[in-house]
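J.: If you want the building blocks of each chain, they are given just below.
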Amino acid sequence: MFKRWLRNSTIAMALAFMPLPAFAQDAIKQGGDIVITYKDDIATLDPAIGYDWVNWSMIKSLYSRLMDYTPGTPDLIPSLAETYEVSPDGLTYTFKLRKGVKFTNGREVVASDVKYSIERAVDPKTQGPGAGFFGAIKGFDAVTGGASTTLEGIATPDDSTVIFTLSRPDATFLHVLAINFASVVPKEAVEAAAGDFGKKPVGSGTFVLKEWTVGQRLVFERNPDYFVKDMPHIDKFTVEVGQEPLVALLRLQKGEVDIAGDGIPPAKFVEIKNSPEGADIIVDGAQLHTGYITLNTRVKPFDNVKVRQALNMAINKERITRILNGRATAANQPLPPLMPGYDKSFTGYAFDVEKAKALLAEAGFPDGFETILYSTNTDPQPRIAQAIQQDLAAVGVKAEVRALAQANVIAAGGTEGEAPMIWSGGMAWIADFPDPSNFYGPILGCAGAVQGGWNWSWYCNKDLDARAIAADSMSDPAKATERQAVWGKIFTDIMADAPWIPLTNERRVVAKSPRMGGSGDIYVDPTRVINYDAIFVKD
Amino acid sequence: MIFLLMRRLVQTALILLGVAAITFLLLYALPADPARMIAGRSATAQTVANIRHELGLDQPLLAQFWAYLKGLTEGNLGRSYAQKTDVGALIAARLPATLILMAAGIFVEVLLGLFLGVIAAVRRGGPVDRFVMMASFVGVSAPQFVAALLLLYVFAVTLAWFPMSGFGTFAHVVLPATTLGILGAGWYARMVRSAMIDVLNQDYVRTARAKGLSSARIVFRHALPNALLPVIAMIGIDIGQFMSGVVVVEAVYGWPGIGQLAWQAIQQVDIPIIMGVTLVSALAIVLGNLVADVIAPLIDPRIRAR
Numbered sequence: 001m002f003k004r005w006l007r008n009s010t011i012a013m014a015l016a017f018m019p020l021p022a023f024a025q026d027a028i029k030q031g032g033d034i035v036i037t038y039k040d041d042i043a044t045l046d047p048a049i050g051y052d053w054v055n056w057s058m059i060k061s062l063y064s065r066l067m068d069y070t071p072g073t074p075d076l077i078p079s080l081a082e083t084y085e086v087s088p089d090g091l092t093y094t095f096k097l098r099k100g101v102k103f104t105n106g107r108e109v110v111a112s113d114v115k116y117s118i119e120r121a122v123d124p125k126t127q128g129p130g131a132g133f134f135g136a137i138k139g140f141d142a143v144t145g146g147a148s149t150t151l152e153g154i155a156t157p158d159d160s161t162v163i164f165t166l167s168r169p170d171a172t173f174l175h176v177l178a179i180n181f182a183s184v185v186p187k188e189a190v191e192a193a194a195g196d197f198g199k200k201p202v203g204s205g206t207f208v209l210k211e212w213t214v215g216q217r218l219v220f221e222r223n224p225d226y227f228v229k230d231m232p233h234i235d236k237f238t239v240e241v242g243q244e245p246l247v248a249l250l251r252l253q254k255g256e257v258d259i260a261g262d263g264i265p266p267a268k269f270v271e272i273k274n275s276p277e278g279a280d281i282i283v284d285g286a287q288l289h290t291g292y293i294t295l296n297t298r299v300k301p302f303d304n305v306k307v308r309q310a311l312n313m314a315i316n317k318e319r320i321t322r323i324l325n326g327r328a329t330a331a332n333q334p335l336p337p338l339m340p341g342y343d344k345s346f347t348g349y350a351f352d353v354e355k356a357k358a359l360l361a362e363a364g365f366p367d368g369f370e371t372i373l374y375s376t377n378t379d380p381q382p383r384i385a386q387a388i389q390q391d392l393a394a395v396g397v398k399a400e401v402r403a404l405a406q407a408n409v410i411a412a413g414g415t416e417g418e419a420p421m422i423w424s425g426g427m428a429w430i431a432d433f434p435d436p437s438n439f440y441g442p443i444l445g446c447a448g449a450v451q452g453g454w455n456w457s458w459y460c461n462k463d464l465d466a467r468a469i470a471a472d473s474m475s476d477p478a479k480a481t482e483r484q485a486v487w488g489k490i491f492t493d494i495m496a497d498a499p500w501i502p503l504t505n506e507r508r509v510v511a512k513s514p515r516m517g518g519s520g521d522i523y524v525d526p527t528r529v530i531n532y533d534a535i536f537v538k539d
Numbered sequence: 001m002i003f004l005l006m007r008r009l010v011q012t013a014l015i016l017l018g019v020a021a022i023t024f025l026l027l028y029a030l031p032a033d034p035a036r037m038i039a040g041r042s043a044t045a046q047t048v049a050n051i052r053h054e055l056g057l058d059q060p061l062l063a064q065f066w067a068y069l070k071g072l073t074e075g076n077l078g079r080s081y082a083q084k085t086d087v088g089a090l091i092a093a094r095l096p097a098t099l100i101l102m103a104a105g106i107f108v109e110v111l112l113g114l115f116l117g118v119i120a121a122v123r124r125g126g127p128v129d130r131f132v133m134m135a136s137f138v139g140v141s142a143p144q145f146v147a148a149l150l151l152l153y154v155f156a157v158t159l160a161w162f163p164m165s166g167f168g169t170f171a172h173v174v175l176p177a178t179t180l181g182i183l184g185a186g187w188y189a190r191m192v193r194s195a196m197i198d199v200l201n202q203d204y205v206r207t208a209r210a211k212g213l214s215s216a217r218i219v220f221r222h223a224l225p226n227a228l229l230p231v232i233a234m235i236g237i238d239i240g241q242f243m244s245g246v247v248v249v250e251a252v253y254g255w256p257g258i259g260q261l262a263w264q265a266i267q268q269v270d271i272p273i274i275m276g277v278t279l280v281s282a283l284a285i286v287l288g289n290l291v292a293d294v295i296a297p298l299i300d301p302r303i304r305a306r
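Line by line, the protein sequences give chains U and Y.
Residue 39 in full-length UniProt numbering sits at position 39 of the first sequence; the count goes up by one each step and never skips.
Residue 224 in full-length UniProt numbering sits at position 224 of the second sequence; the count goes up by one each step and never skips.
Extracted from the complex, chain U is given alone in its bound form (with noise of 0.2 angstroms):
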């Protein structure tokens, strides 16, 4: 007994001294340059207008938000707030701004620029994508619809109170405010750009733009003053634009590259993943993203549930995975699993090829129908609409698949009757903010089914969309756990109509040299991809 009990000791202790994996035990160290490339040119790091994944993470650096995440979670901290309230009705939200903050260009932030910044997201003149975001603060139809220049809701009693009203309970308000396009900026560095401040930035954030000489590179570095202390880590990133993917690994492998930001393009990544650096260089994170099959419920035959249904049984989504190399694992639900809300013990639509081809014969198509399924044109999405293709000829439903320009397969499913089927890789859904609500009303509720919007199922069921805005109408902080389970239920009740074939989660890939340390999470972070902030050279 006493033996077994020192041998099990004795292997705890082994366990417990042994070391853990490489990222785990990276001790956090100050210093350190490092280059980053990616294929596209910056297109611009105006907060109010940049919206694409690549300068989305630098923005997020230059400026700061009333509200931030703690690197690599989906976790609300204040930020340039120091703290806020919370009024019991949901309407009322007091800020008292951080004392001493200061803009890269020496003034010090006031309660004034956070109103400034927000009400020059929303101007129609600014041609902002982001102005939606606010619509729940009092006034914002009187900004948009051009009567007013000021949002009524936004009231600053003192340099360092921020006050908003809002016209409804908003539960997501405070992940509004962490947004990119909720960042504060100077009104006079806008003006002085005049026009051109997305190339001439001035925030209050982590890194301060010191070069950017267009097509070639932006050098960043650190602010110096940033009002939380030992952040970032690095003192300087350069991003290297213009890097054919494949050249990027290639010099990545060569020591002149630290992070390749495109990733690894999927005809190397077994290569890579198997060459004896491979687990050194390859980070792949989880996201808030679900790739989906769209069922155009306006277009016969998907008009009828149990077709939806069927088709949901059809599809062998762990050979989609594999097609992805293995970066994504197999949907059964519209939310992603790093989502709150997501339902763990649902099962969804098991995959039943018999099943599915009685469940058509019972709608009336026991020799199943033609149909067209859209797709992107950029790998790996036609191949993985042919997969589909082919799982859908084995219930004789005859799709023809048609790859096009993501433009093009934008504007077919935001037309009416158009897109009977979309595959949504390369263009959908990945959540702007880690709260359910994002994946429901643009893309499924009634609001997103008019022309031009991203409901390209589609589906409008005015049950749920009720039930939604009584789940985002719940902004006690303390009924945030209710909240999320009420959102959960919406998305598995969404499954019975089946406006959609859930099929994977993929997790983004990022290819970086082995001396860059850290986890995983803060190279791709669910709310910003790479976190500048956070990352770290380790020699």
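Check before you lean on any hint, since a few could be wrong.
Said to hold, decoys possible - Covered by chain U, according to a simulated footprint, are these stretches of chain Y (three or more residues, beta-carbon under 8 angstroms):
| # | segment |
| --- | --- |
| 1 | 20 to 28 |
| 2 | 40 to 46 |
| 3 | 162 to 176 |
| 4 | 190 to 198 |
| 5 | 251 to 262 |
I should point out that these hints are in silico values taken from the structure, not numbers from a laboratory.
Here the structure is a predicted model, which means the values were calculated and not measured.
Ideal Cβ positions, reconstructed from N, Cα and C, are used throughout, including at glycine.
Using the hints, position chain Y against chain U.
T.: Relative to chain U, chain Y alone:
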């Protein structure tokens, strides 16, 4: 000469107008709505409508085209939808890089083409001729993307003689210019070879030989200038070819030129940039042909006489 120039200038203006009209109509006839692309996935219908209004996309097509032409006459190429910057400035910032690449590419292709063509012509029918013709055939047929990656792998990764990508020093330009030049060099070699064979068979060459001139002098002083004429005409046409080639080459080597700019703009449906790059390319092609037309008589007096 003045008349020729005047006529060409008018033609140039008309061609550019035609290019502008066709590109404009094609781009705006696309089902993809630029306002929706800018607005992104989370925008409300109101946001999309506001953006469309701010861009003037809710105006009738003809009115939009008229406004665009009016801007052009003032030298204004419009503002990028995605980058919210002047298109003129974006192109101006990138044009020098493309011009350097094109000049270097033309240099490589002419030099390589002349060299190979002359050797092949002089050693006509021999193994050297056959090898050169075969090599030029490969050069003409290899897709530029493949050639680019192959050169990159051999000379930048394995041998590490040149940097893999970027812009700035002479070493940076070697591989992209070679990639760009190989294709044309193949054509030039074939063209120079047949022109040289033609010339070498002419009476004055036989006379020169009979005079006892060295064969190098015959080839380079007497025969080559006469074989050059089609080459010069070809360079003008080549500029157009190059404009499409630079898109691929710039992408692979990370060369910060207008090809990259255009490629990205196409993906984002950033119509003002696509329009601007198309117009600048069209202008380059027309100017290239014009220059070739002006230079030809300077080299060959027979053309002037006509």
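J.: Any hints from earlier that this structure breaks? Give me their numbers in increasing order, please.
T.: Those not satisfied are hints 1, 4.
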